[in-house]
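Number of protein chains: 2
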Amino acid sequence: MSDQAALPPDPAVEKIFQGVKFSVERRRVLTRDGGTATREVVIHPGAVVVLPIRDDGRIVMIRNRRFAVGETLWELCAGTLEPDEDPAKTAARELVEETGYRASQIEALTTFYTSPGICDERMHAFVATGLSEVGQQLEATEQIEVELLTRSEVMALVRSGEIRDGKTIATLLYYEAFGTS
Amino acid sequence: MSDQAALPPDPAVEKIFQGVKFSVERRRVLTRDGGTATREVVIHPGAVVVLPIRDDGRIVMIRNRRFAVGETLWELCAGTLEPDEDPAKTAARELVEETGYRASQIEALTTFYTSPGICDERMHAFVATGLSEVGQQLEATEQIEVELLTRSEVMALVRSGEIRDGKTIATLLYYEAFGTS
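Top to bottom, those sequences are chains A and B. 1 is the number of the first residue of the first sequence in my numbering; add one for each residue after it. 1 is the number of the first residue of the second sequence in my numbering; add one for each residue after it.
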């Protein structure tokens, strides 16, 4: 699917910042007329988002305190890849940590870039089933509450805009439209 | 919908970097046990994404060279808000610049955050109809080709993962599920 071979190589790269969750590089990019310009890119290790569906059909949603946007958001559970980690393993781990549920089955749904104009973050979406409760294991900075909603309740929250996290909207609607097939 | 009043105020903010398309701040965030930690946040002015539908029902998609991810992506046209700009005005402008189509009607669809774990970017999604061709006006660093696809062709590309831009997936599937009502 990639057409990287057809693209010019990225010329100069300058690391300008290293943070806890991401870094920033400055790159020299080519213009259409053969000149160059500089643009910054957020470098991110990639992440997973997990749609957990209980045996009774209810979806395990979270209310997640997000300091970056100053709101508590309705989301699906999610988390960042460790170096060289298989995304399915990240999904299983984050599901337990953020929701307190362990899954007997985790299926890949799709993948997408969250903000490819400025950031290389790739999101791997999964569906988790065969859930059993084992207890939440939050990190110190996380403030997350679990809520169980029916599929129609979730769709109503997407439609109304009350669910306003892009990865959560994309994952819920992808599953609604296509399932895991 | 916001519950900002119920959240503790963001304590210290340190601007650590100013780029062309975004900046980065370091914030001291509160932990659940009453301590503090520092986290970086990408500060973005917000953006629009536009689903343009021609009178013949075909959708105006773009193939967009994205240096941040090293790929040319299938996307809906999109762009960044100017300071204090009405998102509907941004949508009308970016539609012309990136696709060469002017719209007689632009309707708000929904809004969402693209990556709220690290970035405050809010995306405003619109549907554009009553299209007439006026000619593309690309910026020097943009490499964008327009492609006209039927609704079923677009849905097939979402399902297969060939469309892998999150805002494009969320916007297309939101419109497919709910329309503009």
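Note that these hints are calculated values from the structure, not bench results. On a predicted model such as this, the values are computed, not experimentally measured, just so you know. All C-beta atoms, glycine included, are put in the ideal place defined by N, C-alpha and C. Treat the hints loosely; a few may be bogus.
Here are some chain B residues the structure puts well away from chain A; computed CB gaps all over 12 Å [what the hints assert, rightly or not]: (1) Glu-40; (2) Val-41; (3) Ile-43; (4) Ile-53; (5) Arg-54; (6) Gly-57; (7) Arg-66; (8) Glu-85; (9) Gly-100; (10) Arg-102; (11) Ile-118; (12) Met-123; (13) Glu-142; (14) Glu-147.
Dumping the calculated DSS-like pairs for lysine-lysine here, alpha-carbon to alpha-carbon at most 25 Å [what the hints assert, rightly or not]: (15) A:Lys-21 <-> A:Lys-89; (16) A:Lys-15 <-> B:Lys-21; (17) B:Lys-15 <-> A:Lys-21; (18) B:Lys-15 <-> A:Lys-15; (19) B:Lys-15 <-> B:Lys-89; (20) B:Lys-21 <-> A:Lys-21.
Evaluated hints:
The beta carbon of Glu-40 (chain B) sits about 4 Å from the closest Cβ of chain A, which is not more than 12 Å, so the claim that it is off the interface is violated. With a least CB separation of 5 Å from chain A, Val-41 (chain B) falls inside the 12 Å interface cut-off, contrary to its annotation. Residue placement check: Ile-43 (chain B) does not keep its beta carbon more than 12 Å from all beta carbons of chain A (closest about 9 Å). Look at Ile-53 (chain B): its CB is around 18 Å from the nearest CB on chain A, clear of 12 Å, so calling it non-interface holds up.
With a closest Cβ-Cβ approach of about 22 Å to chain A, Arg-54 (chain B) is found to remain outside the 12 Å limit, as its non-interface label requires. Every Cβ of chain A is farther than 12 Å from the Cβ of Gly-57 (chain B); the closest lies at roughly 19 Å, confirming the non-interface assignment. For Arg-66 (chain B), the requirement that its beta carbon stay farther than 12 Å from each beta carbon of chain A is not met, with the minimum near 5 Å. For Glu-85 (chain B), the shortest C-beta to C-beta distance to chain A comes to about 17 Å, beyond the 12 Å cut-off, and the non-interface label holds.
Gly-100 (chain B), annotated as away from the interface, keeps every beta carbon of chain A farther than 12 Å; the closest lies near 15 Å. Look at Arg-102 (chain B): its CB is around 23 Å from the nearest CB on chain A, clear of 12 Å, so calling it non-interface holds up. In this structure Ile-118 (chain B) is not separated from chain A by more than 12 Å, as the shortest Cβ-Cβ distance comes to only about 5 Å. For Met-123 (chain B), the shortest C-beta to C-beta distance to chain A comes to about 7 Å, within the 12 Å cut-off, and the non-interface label is violated.
Once the 12 Å rule is applied to beta carbons, Glu-142 (chain B) is inconsistent with being away from chain A; the minimum gap is 8 Å. Every CB of chain A is more than 12 Å from the CB of Glu-147 (chain B) (nearest about 14 Å), matching its label as outside the interface. Between the alpha carbons of Lys-21 (chain A) and Lys-89 (chain A) the distance comes to roughly 19 Å, so the proposed pair stays at or under 25 Å and holds. Taking the CA atoms of Lys-15 (chain A) and Lys-21 (chain B), the gap is about 16 Å. The hint holds against a cut of 25 Å.
As the CA atoms of Lys-15 (chain B) and Lys-21 (chain A) are separated by approximately 16 Å, the hinted pair is consistent with the 25 Å bound. In summary, the hint linking Lys-15 (chain B) to Lys-15 (chain A) is supported, as the alpha carbons are separated by about 17 Å, within the 25 Å threshold. Pair hint Lys-15 (chain B) plus Lys-89 (chain B) does not hold up; C-alpha atoms about 29 Å apart against a cutoff of 25 Å. With a C-alpha separation of about 19 Å, the suggested pair Lys-21 (chain B) and Lys-21 (chain A) falls inside the 25 Å cut-off, and the hint holds.
Consistency note: the structure conflicts with the earlier hints numbered 1, 2, 3, 7, 11, 12, 13, 19.
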